[in-house]
Amino acid sequence: MNSKVFMVVRILLGLFVLVFGLNKFFHFIPFGEMSAEAGAYFGALSSAKVITLVAIVEIVAGIGLIFNKYGALLALILMSVSVNAVLFHATLAPEGIGPALALLVLNILALYGYKDSYKSLL
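For the sequence shown, position 118 matches number 128 in our numbering, and the numbering has no gaps at all.
Don't read these hints as lab results, they were simulated from the structure. Computed from a prediction, not measured in an experiment: that's the story for all the values here. Where a beta carbon is used, it is the ideal one built from N, C-alpha and C, also for glycine. It is possible that some hints are incorrect.
Derived DSS-like pairs: lysine-lysine, alpha-carbon spacing no greater than 27 angstroms straight-line [stated by the list, open to error]:
(1) Lys34 to Lys59
(2) Lys14 to Lys79
(3) Lys79 to Lys129
(4) Lys14 to Lys129
Label pairs and their in silico Cβ distance ranges [said to hold, decoys possible]:
(5) Leu32 to Ala54: 19 to 29 angstroms
(6) Leu131 to Glu43: 41 to 51 angstroms
(7) Glu105 to Phe36: 41 to 51 angstroms
(8) Pro104 to Leu32: 23 to 33 angstroms
(9) Phe35 to Ile87: 13 to 23 angstroms
(10) Gly53 to Ser130: 38 to 48 angstroms
(11) Val60 to Gly106: 17 to 27 angstroms
Make a model of the complete structure from these sequences and hints.
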């Protein structure tokens, strides 16, 4: 992947997860209406403080990707957040699947850009 394209993908992914991670603390992006099942699932994650952990991971990963520190590791960790976001929206809240798919695509592109870092693992 071209280094300029990879830099844009990396920074976009970093900004994306940083904004959504900060939103979990400061609530500056309003939530739409959720189904009862989605609300119950989100409520259970919130009461167990899982959402707080995900927010911290997103903020750290966003900052790391923007400044290109530990990007390969953070992109790999973010893959679990991306897949879970897509699965949540695909099964419980399909009206908001667009940003989740964008997150997944950016994350896959970032992983592809860091593919040389993973050669020793694979």
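Going through the hints against the structure:
1. Lys34 to Lys59: holds (11 angstroms)
2. Lys14 to Lys79: With Cα atoms ~17 angstroms apart, Lys14 and Lys79 stay inside 27 angstroms; holds.
3. Lys79 to Lys129: Since the Cα atoms of Lys79 and Lys129 sit roughly 19 angstroms apart, the hinted pair holds (cutoff 27 angstroms).
4. Lys14 to Lys129: holds (22 angstroms)
5. Leu32 to Ala54: 19 to 29 angstroms: At roughly 22 angstroms between Cβ atoms, Ala54 and Leu32 fall inside 19 to 29 angstroms, so the hint holds.
6. Leu131 to Glu43: 41 to 51 angstroms: holds (42 angstroms)
7. Glu105 to Phe36: 41 to 51 angstroms: violated (23 angstroms)
8. Pro104 to Leu32: 23 to 33 angstroms: holds (25 angstroms)
9. Phe35 to Ile87: 13 to 23 angstroms: holds (19 angstroms)
10. Gly53 to Ser130: 38 to 48 angstroms: Given a distance of about 42 angstroms, which is inside 38 to 48 angstroms, the answer is holds.
11. Val60 to Gly106: 17 to 27 angstroms: Holds - the Cβ-Cβ distance for Val60 and Gly106, about 19 angstroms, lies within 17 to 27 angstroms.
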